[in-house]
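Student: Make a model of the complete structure from these sequences and hints.
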Amino acid sequence: MDIKQIQDLIRFVSKSGVNEVSIEQENFKITIKTNEAPTYVNASVPTHQPLAAAPAPQPVSLPSAAPAAEAVAVADTSHLITVKSPMIGTFYRSSSPDKPLFVNVGDEISVGSVLCIIEAMKLFNEIESEVSGRIVKILVDNASPVEYDQPLFLVEPK
489 MDIKQIQDLI RFVSKSGVNE VSIEQENFKI TIKTNEAPTY VNASVPTHQP
539 LAAAPAPQPV SLPSAAPAAE AVAVADTSHL ITVKSPMIGT FYRSSSPDKP
589 LFVNVGDEIS VGSVLCIIEA MKLFNEIESE VSGRIVKILV DNASPVEYDQ
639 PLFLVEPK
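Each residue of the sequence shown is one higher than the one before, counting from 489 in this note's numbering.
Hints listed in this document are in silico derivations from the structure and should not be mistaken for laboratory results. It should be emphasised that the depicted structure is a prediction, and the values quoted were computed from it without experimental measurement. Cβ coordinates follow ideal geometry from the N, Cα and C atoms, glycine included. Some clues are possibly wrong.
As the list claims (entries may be wrong) - Ranges of calculated distance between the beta carbons of each label pair, as one might list FRET restraints:
hint: 1; residue 1: Glu616; residue 2: Phe500; range: 18 to 24 Å
hint: 2; residue 1: Pro645; residue 2: Ile518; range: 34 to 40 Å
hint: 3; residue 1: Ile518; residue 2: Pro588; range: 31 to 37 Å
Claimed, not checked - Here are the simulated lysine-lysine pairs, DSSO-like style, with alpha carbons at most 30 Å apart:
hint: 4; residue 1: Lys625; residue 2: Lys492
hint: 5; residue 1: Lys646; residue 2: Lys572
hint: 6; residue 1: Lys625; residue 2: Lys572
hint: 7; residue 1: Lys517; residue 2: Lys625
hint: 8; residue 1: Lys492; residue 2: Lys587
hint: 9; residue 1: Lys517; residue 2: Lys572
hint: 10; residue 1: Lys587; residue 2: Lys610
hint: 11; residue 1: Lys492; residue 2: Lys517
hint: 12; residue 1: Lys625; residue 2: Lys646
hint: 13; residue 1: Lys503; residue 2: Lys492
hint: 14; residue 1: Lys521; residue 2: Lys492
hint: 15; residue 1: Lys587; residue 2: Lys572
hint: 16; residue 1: Lys572; residue 2: Lys492
hint: 17; residue 1: Lys503; residue 2: Lys521
hint: 18; residue 1: Lys646; residue 2: Lys587
hint: 19; residue 1: Lys587; residue 2: Lys625
Tutor: Structure representation (structure tokens):
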């Protein structure tokens with residue numbers, strides 16, 4: 489089994505809701521387990537109404553202008569592209585502790601630029617950008633575990 493097949497298997501397990509998958513071949517054995525409980529969907533929730541439309545409870549101590557400011561902040565980030573993790577693993581911002589960081593906030597990136605490394609099963613995978621633009625925010629701390637499809641970076645496209 490090659491790394492691509494392993495990554496596909498990890499993606500399958502994380503998306504499917506399966507809690508455990510074991511595969512055994514001649515000289516190879518892999519078991520992938522998730523810590524998450526299965527996801528259940530309530531069928532009584534109408535699908536045509538977005539969940540975000542429900543009014544959020546407001547604490548009494550907040551000034552009345554706070555919700556409007558919050559809405560503006562959300563609208564400002566709508567043009568940004570989110571770079572997500574293609575796999576489960578450990579996120580690293582540089583190739584080793586004594587090497588420079590791959591990217592910082594404000595850096596210009598292009599398609600193919602290495603953004604970070606994700607270690608999965610003792611393999612270090614360079615994550616390359618699929619977009620050109622400027623790094624606006626780094627959403628994950630160095631040496632933190634990441635999940636499949638977890639947002640890693642916000643990029644302002646060129």
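Student: Determine for every hint whether it applies to the structure shown.
Tutor: Do the hints match the structure? See the list:
{"no.": "1", "hint": "Glu616 with Phe500: 18 to 24 Å", "result": "holds, 23 Å"}
{"no.": "2", "hint": "Pro645 with Ile518: 34 to 40 Å", "result": "holds, 37 Å"}
{"no.": "3", "hint": "Ile518 with Pro588: 31 to 37 Å", "result": "holds, 34 Å"}
{"no.": "4", "hint": "Lys625 with Lys492", "result": "holds, 29 Å"}
{"no.": "5", "hint": "Lys646 with Lys572", "result": "holds, 18 Å"}
{"no.": "6", "hint": "Lys625 with Lys572", "result": "holds, 13 Å"}
{"no.": "7", "hint": "Lys517 with Lys625", "result": "violated, 39 Å"}
{"no.": "8", "hint": "Lys492 with Lys587", "result": "holds, 27 Å"}
{"no.": "9", "hint": "Lys517 with Lys572", "result": "holds, 28 Å"}
{"no.": "10", "hint": "Lys587 with Lys610", "result": "holds, 19 Å"}
{"no.": "11", "hint": "Lys492 with Lys517", "result": "holds, 16 Å"}
{"no.": "12", "hint": "Lys625 with Lys646", "result": "holds, 16 Å"}
{"no.": "13", "hint": "Lys503 with Lys492", "result": "holds, 17 Å"}
{"no.": "14", "hint": "Lys521 with Lys492", "result": "holds, 18 Å"}
{"no.": "15", "hint": "Lys587 with Lys572", "result": "holds, 23 Å"}
{"no.": "16", "hint": "Lys572 with Lys492", "result": "holds, 17 Å"}
{"no.": "17", "hint": "Lys503 with Lys521", "result": "holds, 13 Å"}
{"no.": "18", "hint": "Lys646 with Lys587", "result": "holds, 28 Å"}
{"no.": "19", "hint": "Lys587 with Lys625", "result": "holds, 21 Å"}
Violated hint for the displayed structure: number 7, the only one.
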